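Can you make the complete structure from the sequences, with help from the hints?
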Amino acid sequence: MQAILDVSRGALSLLRGMGVTLRNFFRKPVTVEYPRKRAKVSKNHRNAIALIEAGNIGSHNCIACLQCEKICPSACISITGTRPDGVPFKRPDKFDLDFALCSECGLCVDVCPTNTLGYSEEYDTAGYTRADFKYDLLQPWLSREDQAIERIREAERRKKEEREAKRKAQAEARARAEAEKREQQPESAAKQDQDGERGTGI
Amino acid sequence: MVRDFTDIFGSTWLAAAASVAVIMAFLSVNSLMLIWMERKVSARMQRRLGPTEHGPFGLLQTFCDAIKLLGKELITPRHASTKLYLAAPILIFAPIIAICSLFPVSGNWVFRDYDIALVLVLAFTSMSILGIFAAGWGSNNKYSLLGAIRSILQNIAYEVPLLLSVMAVVLLAGSLNLRDIAMQQSGIPYVLLQPLAALIFFVAATAETNRAPFDIPEAESELIGGFHTEYSGMRFGMFFFAEYSSMVIVCGLATILFLGGWHGPVLPGIVWFFIKVYALIFVMMWFRWTFPRLRFDQLLKFSWLVLVPLAVLNLLATALVLKLL
Amino acid sequence: MPELIHVARDEDRDTYYLNMGPQHPSTHGVLRLRLLLKGEEILTAEPIVGYSHRAHEKMAENRNYIQFLPNTSRIDYLSGMIYNIGYCQAIERILELEVPERAEYIRIICCELNRISSHLLWYGTLLLDLGGFTPFLYCWDDREEILDLLDAITGSRLTYSYGRFGGVGMDVDEEFLSGVSAFCKRFRERLPEYETLVTKNIIFENRCKDVGIMDLEMAREFAVTGPMLRALGEPRDLRKDEPYGIYDKFDFEIPTRTGGDTYDRFLVRVEEIQQSLSIVEQAVSRIPDGPVMMAKPPRKIKPPEGEYYFAVESARGHFGMFIVSDGSEIPERIHLRTPSFANLASLREMLPGTMIADTIAILGSIDIVLPEIDR
Amino acid sequence: MAGMEHFAEYGFFGALLLAGVLLAVGPVVIPLFISPRSRSEKSRDTYECGMDTIGSAWVRFDLAFYLFALIFVAFSVAVLYLFPVALVYDDGSYLWRDFVAVALFLGILSLALVYSWRRGVFSPALRTTSQRTHRVGE
Numbered sequence: 013m014q015a016i017l018d019v020s021r022g023a024l025s026l027l028r029g030m031g032v033t034l035r036n037f038f039r040k041p042v043t044v045e046y047p048r049k050r051a052k053v054s055k056n057h058r059n060a061i062a063l064i065e066a067g068n069i070g071s072h073n074c075i076a077c078l079q080c081e082k083i084c085p086s087a088c089i090s091i092t093g094t095r096p097d098g099v100p101f102k103r104p105d106k107f108d109l110d111f112a113l114c115s116e117c118g119l120c121v122d123v124c125p126t127n128t129l130g131y132s133e134e135y136d137t138a139g140y141t142r143a144d145f146k147y148d149l150l151q152p153w154l155s156r157e158d159q160a161i162e163r164i165r166e167a168e169r170r171k172k173e174e175r176e177a178k179r180k181a182q183a184e185a186r187a188r189a190e191a192e193k194r195e196q197q198p199e200s201a202a203k204q205d206q207d208g209e210r211g212t213g214i
Numbered sequence: 016m017v018r019d020f021t022d023i024f025g026s027t028w029l030a031a032a033a034s035v036a037v038i039m040a041f042l043s044v045n046s047l048m049l050i051w052m053e054r055k056v057s058a059r060m061q062r063r064l065g066p067t068e069h070g071p072f073g074l075l076q077t078f079c080d081a082i083k084l085l086g087k088e089l090i091t092p093r094h095a096s097t098k099l100y101l102a103a104p105i106l107i108f109a110p111i112i113a114i115c116s117l118f119p120v121s122g123n124w125v126f127r128d129y130d131i132a133l134v135l136v137l138a139f140t141s142m143s144i145l146g147i148f149a150a151g152w153g154s155n156n157k158y159s160l161l162g163a164i165r166s167i168l169q170n171i172a173y174e175v176p177l178l179l180s181v182m183a184v185v186l187l188a189g190s191l192n193l194r195d196i197a198m199q200q201s202g203i204p205y206v207l208l209q210p211l212a213a214l215i216f217f218v219a220a221t222a223e224t225n226r227a228p229f230d231i232p233e234a235e236s237e238l239i240g241g242f243h244t245e246y247s248g249m250r251f252g253m254f255f256f257a258e259y260s261s262m263v264i265v266c267g268l269a270t271i272l273f274l275g276g277w278h279g280p281v282l283p284g285i286v287w288f289f290i291k292v293y294a295l296i297f298v299m300m301w302f303r304w305t306f307p308r309l310r311f312d313q314l315l316k317f318s319w320l321v322l323v324p325l326a327v328l329n330l331l332a333t334a335l336v337l338k339l340l
Numbered sequence: 010m011p012e013l014i015h016v017a018r019d020e021d022r023d024t025y026y027l028n029m030g031p032q033h034p035s036t037h038g039v040l041r042l043r044l045l046l047k048g049e050e051i052l053t054a055e056p057i058v059g060y061s062h063r064a065h066e067k068m069a070e071n072r073n074y075i076q077f078l079p080n081t082s083r084i085d086y087l088s089g090m091i092y093n094i095g096y097c098q099a100i101e102r103i104l105e106l107e108v109p110e111r112a113e114y115i116r117i118i119c120c121e122l123n124r125i126s127s128h129l130l131w132y133g134t135l136l137l138d139l140g141g142f143t144p145f146l147y148c149w150d151d152r153e154e155i156l157d158l159l160d161a162i163t164g165s166r167l168t169y170s171y172g173r174f175g176g177v178g179m180d181v182d183e184e185f186l187s188g189v190s191a192f193c194k195r196f197r198e199r200l201p202e203y204e205t206l207v208t209k210n211i212i213f214e215n216r217c218k219d220v221g222i223m224d225l226e227m228a229r230e231f232a233v234t235g236p237m238l239r240a241l242g243e244p245r246d247l248r249k250d251e252p253y254g255i256y257d258k259f260d261f262e263i264p265t266r267t268g269g270d271t272y273d274r275f276l277v278r279v280e281e282i283q284q285s286l287s288i289v290e291q292a293v294s295r296i297p298d299g300p301v302m303m304a305k306p307p308r309k310i311k312p313p314e315g316e317y318y319f320a321v322e323s324a325r326g327h328f329g330m331f332i333v334s335d336g337s338e339i340p341e342r343i344h345l346r347t348p349s350f351a352n353l354a355s356l357r358e359m360l361p362g363t364m365i366a367d368t369i370a371i372l373g374s375i376d377i378v379l380p381e382i383d384r
Numbered sequence: 003m004a005g006m007e008h009f010a011e012y013g014f015f016g017a018l019l020l021a022g023v024l025l026a027v028g029p030v031v032i033p034l035f036i037s038p039r040s041r042s043e044k045s046r047d048t049y050e051c052g053m054d055t056i057g058s059a060w061v062r063f064d065l066a067f068y069l070f071a072l073i074f075v076a077f078s079v080a081v082l083y084l085f086p087v088a089l090v091y092d093d094g095s096y097l098w099r100d101f102v103a104v105a106l107f108l109g110i111l112s113l114a115l116v117y118s119w120r121r122g123v124f125s126p127a128l129r130t131t132s133q134r135t136h137r138v139g140e
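Residue numbers (the numbering used here), protein chains in the order written: chain P, 13 to 214; chain A, 16 to 340; chain E, 10 to 384; chain G, 3 to 140.
Quick caveat, the hints were computed from the structure, so don't treat them as lab data. Relax, there's no trap hidden among the hints.
DEER-style ranges, computed between Cβ atoms:
no., chain 1, residue 1, chain 2, residue 2, range
1, E, 61, P, 21, 40 to 46 angstroms
2, G, 24, A, 285, 25 to 31 angstroms
3, P, 44, E, 346, 37 to 43 angstroms
A quick note: this is a predicted structure, and the numbers were derived from the prediction, not measured. No residue lacks a Cβ here, since even glycine has one placed at the ideal position from N, Cα and C.
This is the structure:
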């Protein structure tokens with residue numbers, strides 16, 4: 013008797029299981045046909061790093077401080093930089109990424125002091141040789157480099173002039189103030205917010 | 016009036032040649048379509064899409080696969096027993112065409128009408144086990160060997176309930192001629208008179224064809240393909256071909272024995288026959304994509320301690336009822 | 010039949026050795042089991058590991074504490090978040106850093122989601138090993154939701170390096186939180202379907218019940234932890250026993266079973282999924298506003314000289330980090346105590362006497378992750 | 003000879019069997035012309051999960067399997083005798099003799115099953131709980 017009950021209970025469980033698969037048979041598939049349709053990539057998705065455009069100079073804002081190169085656990089970034097004339101910091105002349113080594117940990121992006129590192133949008137890179145994954149991150153910016161340096165110089169010059177002018181104005185004011193019985197307190201130039209851009213000092 | 020191929024062609028040999036052509040054409044297209052169907056059914060049950068690339072609904076996918084298999088290298092393992100290893104796919108494949116010729120697909124349409132067709136079908140379907148054992152032993156691979164041993168035990172375990180359930184039908188019909196058996200079901204199909212026998216038959220048939228949940232001889236997650244582990248390219252293709260063809264055979268047999276063969280309203284008989292066959296095949300696929308695999312000893316226990324006693328009781332009951340009526 | 014080794018003694022003629030793995034579909038990676046078989050019965054079983062050794066512990070000695078961060082989520086790639094955040098918590102404990110409360114909540118949500126996704130993968134692969142392909146894909150369908158959610162905030166689907174010393178890498182937005190709630194709701198609706206399809210399936214029950222039974226003494230001997238131990242009726246769980254993070258603020262239970270067989274391990278994990286869901290729901294409903302990073306995280310991580318041990322409960326059990334510091338930026342030694350390694354060792358005792366088919370079920374129920382064993 | 007004529011009737015079936023053998027050879031021959039050849043001897047190794055094979059696969063298999071084979075022989079051969087019985091079952095004038103014969107036959111047959119069941123053929127004495135083979139640290 014018990015055996016018969018067991019068998020029928022088992023058979024019932026099997027039938028109910030078949031019910032589940034049949035229900036799913038008529039549901040809509042969840043597949044995204046990948047090469048035909050692109051998968052949705054989250055906005056924070058980590059991939060090969062890229063240099064981000066900084067609005068005010070029309071190019072990236074890398075100052076070749078080598079912090080990313082130092083922190084990279086896989087040693088896949090190599091940077092060299094020189095300081096152009098009239099620019100207060102270095103500009104990279106080589107920013108290579110060996111993506112074949114990269115583990116997409118994102119430490120370099122975290123550590124970047126000028127927030128100039130971000131992720132590229134591609135997510136299905138493929139290649140036939142290791143050389144295919146040697147990315148030159150400066151490539152897209154090469155054409156704008158001269159212009160960018162020009163702009164930085166321009167900004168630097170303007171800043172210098174402003175500083176000069178301010179100093180001159182302050183000196184004049186001071187002189188005037190001294191002349192007018194030394195009433196006014198001189199303003200500290202250092203206190204002034206220079207540009208609004210983070211940390212770059214442009 | 017029976018119209019079989021010997022009547023049409025006049026000569027046995029011509030008729031045989033014509034039958035081979037027709038059956039071979041049907042079977043090759045059929046297995047390719049069944050593989051496609053399997054992939055589509057499994058995909059839909061798992062909420063995937065399945066093949067979509069080649070042809071409409073991916074219909075040509077399996078044709079491409081077949082062509083690819085033809086271009087694959089045939090590797091014979093160094094330590095294999097060459098004769099057995101090479102004979103195995105042939106042994107499995109050879110009886111299939113002959114078995115298919117026995118099925119009456121419509122009231123007056125059968126390749127050759129034999130009075131003992133049922134015995135022939137049962138005998139030759141069991142022959143595939145020889146091929147499986149030759150493959151398993153000949154490969155000299157332990158996984159293959161395990162698969163082969165399991166296969167034999169499974170086949171002999173399920174042969175018995177299969178025969179006993181068929182016997183109940185033979186008792187009712189009083190004939191071993193497949194056409195006669197189907198003819199007698201023009202009113203009520205035997206599945207209504209013999210529901211238990213039909214169930215036992217179908218379960219045993221699923222096991223005979225090594226389909227999940229009874230696919231332990233192949234058991235890709237344990238035995239990595241079991242008896243056909245060492246087979247590559249088209250030799251592996253032959254096993255595949257045989258598996259899907261034998262699905263058609265057992266489902267065709269079930270259709271004739273229990274579902275009334277070609278009988279059905281409105282549509283022509285041959286259409287009804289294939290509708291029933293493919294519906295049964297769909298159920299087999301449905302099994303496969305729903306259940307986990309049984310363990311080997313549970314499988315044997317289930318056959319010997321559940322199916323066989325049930326089949327014996329069913330047979331006795333049938334015999335008793337026949338006497339009472 | 011030339012050049013094969015023959016078994017020497019005649020009485021051994023009906024036993025034979027079989028390599029299961031490293032290239033085997035059910036050894037979950039590159040585990041190799043050398044089985045001595047008699048027919049289908051296993052006489053001895055010897056797990057052989059090391060095929061995917063990546064020297065994570067050695068790597069730790071060659072880079073500073075921050076640079077080791079991405080490694081942690083690669084040790085056990087299925088519960089990468091738990092390992093990653095566990096490592097951060099260890100360093101925070103050593104340096105006595107204060108983590109903002111919001112960050113703690115985010116950590117709990119992420120870790121528990123990760124635990125669910127890890128259990129889902131185990132669920133699917135166990136069924137796959139037992140021959141049920143369809144539940145496997147249902148699990149992956151649900152797991153995908155979790156991966157999408159975690160991807161949105163961490164930027165990675167598997168190897169999250171999301172934890173930071175003193176907080177987490179990125180704040181979560183409303184969209185993420187509502188996504189998590191939606192996932193919990195949807196997944197709770199899906200659970201009965203799993204139960205009908207798998208848990209109550211008679212074939213599945215028969216495959217798992219009374220297979221791979223372990224007793225408590227043996228579990229202690231092998232230092233078995235996690236769901237395997239809890240399936241023996243021992244409610245050991247670091248989240249309750251030695252609460253780290255803010256686990257003590259949550260209301261959850263440690264599911265246990267007493268049988269200690271494969272089916273019990275299965276049920277324990279399934280209930281754990283539900284408990285994790287409830288933790289996630291609590292966390293989402295109570296998450297406070299605020300920063301996700303401490304005000305002034307230390308620029309250089311220099312733990313004082315000494316030896317430290319910190320452990321978290323990963324999806325597989327007790328994950329411990331033994332950190333030896335010489336006071337510099339680079340660790341002297343980091344030893345990782347990974348749960349599956351200890352759990353796997355018990356195979357030697359569980360396998361003999363069972364059949365090949367059971368091997369697969371037992372192996373599946375241990376829930377091994379080979380890279381975590383080999384490290 | 004009457005026997006020969008009887009077989010001649012199955013010429014059709016035999017021809018189809020022959021055709022099956024021939025057609026099975028065909029697809030295996032085609033790849034010989036178009037498939038690539040591997041140069042590595044390693045590819046002809048027996049597959050054992052990527053490791054070198056330990057010993058041959060041609061071993062003696064467990065005796066338990068032999069018992070299963072015996073039950074099968076008992077059953078399958080005996081069931082064959084039922085086919086002719088089934089054919090003539092209901093057309094005689096004997097009312098109960100047929101049934102009693104079949105029932106007796108099946109009953110005796112079932113004894114084989116009962117016997118092997120009682121002898122424990124179907125419940126292999128597999129160990130499910132752990133037995134100590136060695137201790138940690140030994």
